[in-house]
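Colleague: Protein chains in written order, with my numbering: chain A, 1 to 712; chain B, 1 to 66.
No lab work stands behind these hints, which were simulated from the structure alone.
Errors might be hidden in some of the hints.
To be verified - Capping the alpha-carbon separation at 25 Å, the derived lysine-lysine pairs in DSS-like fashion look like this:
1. A/Lys494 x A/Lys150
2. A/Lys494 x B/Lys38
3. B/Lys55 x A/Lys681
Chain by chain, the residues run as shown.
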Amino acid sequence: MKIETFKYDNRIVRAFAIATVVWGIVGMLVGMLAAVQLFFPDANLNLQFITFGRIRPLHTNAVIFAFVGNGMFMGIYYSLQRLCKARMFSDFISWFHFWGWQGIIVAAAVTLPLGLTTSKEYAELEWPIKIAIAVVWVAFTINLIGTILKRREKHMYVAIWFFLATALTVAVLHITNSMTMPAGWFKSYSMYAGVQDALVQWWYGHNAVAFFLTTPYLGLMYYFLPKAANRPIFSYRLSIIHFWALIFLYIWAGPHHLLYTALPDWAQSLGMVFSLMLIAPSWGGMLNGLLTLRGAWDKVRQDPVLKFMVVAVTAYGMSTLEGPLLAIKTVNSLSHYTDWTIAHVHTGALGWNGFLTFSMLYYLYPRLYRTTLWSTKLANYHFWIGLLGMMFYVIPIYVAGITEGLMWKQFTKDGFLQYPNFLETIVQVVPMFRLRAIGGTLYLVGTFMMAYNLYRTAKAGQFEPDTEAQAAPLEKTSAVVHGKLSWHRLLEGKPLLFTVLSLVAILIGGIVEIIPMYLIKQNVPTISSVKPYTPLEVLGRDLYIREGCLGCHSQMIRPFRSETERYGEYSKAGEFVYDHPFLWGSERKGPDLAREGGKYPDAWHYNHMDDPRATSPGSIMPRYSWLLTQKLEIDSLPARLNALRKVGVPYPAGYENGPAQKDLQAQADKVVANLKQGSVKADPDKEIVALIAYLQRLGTDIKSAPVTTAVK
Amino acid sequence: MEQKIMAGIGGIGIYGIISICIFFAFFTLTLLWAFRLKQNYLQHMEALPLDGGEKNSADSIQLKKL
């Protein structure tokens with residue numbers, strides 16, 4: 001048989017590897033800055049661009065899409081070529097993908113500190129960048145499928161299945177969750193409102209974790225673990241079951257992010273049951289990885305690559321056990337909104353994604369540069385300092401999370417809240433935030449050690465831009481074997497059919513969640529006293545979004561006595577029908593604000609924003625003094641109201657051309673008059689006035705009138 | 001068991017039951033498929049990552065010993 005000689009492209013792998021290290025360090029540094037501000041709020045240097053609310057999304061986007069994203073592409077571009085015995089489909093698309101992705105990251109790094117955000121978690125980037133993401137992602141998918149189509153290996157290894165599922169599902173998720181109505185170049189409003197928006201967002205958010213942080217890395221585990229251990233995978237059968245069960249189940253579990261919220265009860269319970277079932281395929285995958293090392297544990301003692309992999313796979317098992325447990329409603333009632341969730345995600349991020357990325361980098365650099373690792377000793381130090389850093393990060397935050405949850409729910413024997421002042425519960429856990437920052441520092445130091453080690457390795461070796469390889473061309477095979485149709489061969493022989501079937505598997509879960517979303521739309525009990533926001537409140541709400549207030553303040557009171565005692569009447573689905581986007585939040589570093597309106601005078605809010613510690617000693621909230629001096633931008637008001645009308649908010653026709661401005665002025669003057677009563681002199685054209693108007697509106701629709709529910 | 005749990009949830013209606021049924025049908029088919037695969041195919045697939053087709057394999061490079 002004729003043997004073909006061809007070349008693997010190593011340049012693109014190296015480019016993604018360098019980007020992984022660089023963005024990893026940047027993302028972790030931003031994380032450190034955010035972590036420090038949680039016990040030392042003045043670390044923002046009173047600069048709005050580096051204040052917690054704005055850099056928290058920068059940190060999450062940087063580590064997910066820049067660090068893990070580049071790490072994923074590095075691993076895929078290396079393994080796919082070798083598994084297909086073919087060079088990438090198109091070098092041009094490879095480089096378009098690389099530079100396009102880096103451009104998106106830079107755009108995120110510029111826009112998020114500027115406060116240009118949609119506020120939807122892990123989907124914060126504004127619409128022009130979202131379109132760019134879709135274009136680059138499609139390019140990557142074409143390159144992926146094109147390479148598979150021109151492969152010289154008859155069978156598609158399971159890693160490739162995971163890569164295909166990733167490419168397809170991320171595209172579906174991204175497009176569905178990005179449906180927004182632009183109101184200018186860098187402002188848009190979600191097409192969905194309130195409950196629907198929350199359901200779509202967390203269907204996306206959950207599956208961003210599943211199909212961006214998990215499935216591609218599982219594919220990489222199935223390739224790099226056998227390579228590093230130099231032994232076949234423990235059970236290929238198990239990997240097949242792992243793949244299909246995982247991609248089928250994952251997509252259903254999104255509602256577990258919304259337990260006890262205004263989402264209908266049955267959708268919450270469906271999310272909980274499917275989350276619990278996820279334990280089985282996840283642990284199947286973990287065991288498949290760990291059992292691959294059976295009889296080779298002596299290698300783990302010596303090889304840092306395997307050490308990192310073992311911890312990564314174990315961390316995957318731990319987080320995929322903890323995740324379903326957190327999805328049990330009773331556990332979730334304690335854990336939700338607390339730092340427990342932060343600890344959970346960091347077990348996955350630092351352990352699973354971080355350590356697997358490090359192991360791939362240590363594996364690839366010596367091979368790309370055809371040399372040995374500069375220092376195995378330094379890599380081992382990195383392993384231990386990274387592991388220690390991870391422990392120092394997650395353990396204090398687990399303690400903080402459980403402490404918060406218990407303190408929020410604690411009643412005295414007379415039936416009153418034991419800690420009625422929210423601040424008491426946060427002050428209690430501030431020492432844990434300090435310890436967490438130490439853990440993060442250790443992890444970051446380890447990453448710097450790795451960067452130096454890889455740099456020295458590259459200096460010592462010689463880069464091989466193309467690796468020559470040989471393989472026989474793929475024979476045309478029939479799906480009919482010995483007169484019988486082989487479904488397996490048919491499926492594997494036709495990557496496009498395989499792709500369609502994977503898509504069907506993920507869409508079933510998606511559709512079952514999305515169809516009820518439309519049903520909810522018809523069945524959300526509307527509340528007649530709930531009215532659209534006034535023009536000044538719309539602008540105030542947009543400032544709330546710009547500053548990332550929802551990073552610390554939820555707007556969703558759950559139906560527990562501990563919450564209704566503290567915050568007031570629990571939140572109803574009908575209260576959010578004009579909320580584009582929803583702002584329920586997922587974390588409480590400060591109290592819930594769903595019923596904030598009317599709790600404090602306007603002047604209190606003014607002074608609180610100027611210096612939170614003046615009104616609330618010990619508060620960890622940053623100062624927002626720039627809101628007192630910056631002029632409110634009202635030129636875009638017509639575009640904003642127009643966009644909101646297009647997504648369903650019933651502003652009268654022509655309202656934005658004159659009447660809205662008059663209403664805005666009148667309400668601003670009223671806020672200024674209220675401030676004067678509180679001995680505060682303010683101009684009506686400042687941002688703080690709009691923000692106060694919005695905060696004073698929160699939850700008042702229900703307070704102001706008797707609740708009358710009606711079904712549309 | 002899941003059907004019983006789901007049936008006890010107020011208002012879950014037909015969605016939950018259909019969801020579980022689809023999953024179990026899907027899962028059973030996957031199991032059947034996986035267990036019908038031939039041993040020589042499985043062995044070939046398990047070993048697939050180990051041969052990348054490189055002429056001069058970089059995998060011969062050993063990491064430095066401590």
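Colleague: Against the earlier hints, flag every one the structure doesn't satisfy and list their numbers going up.
Modeller: 3
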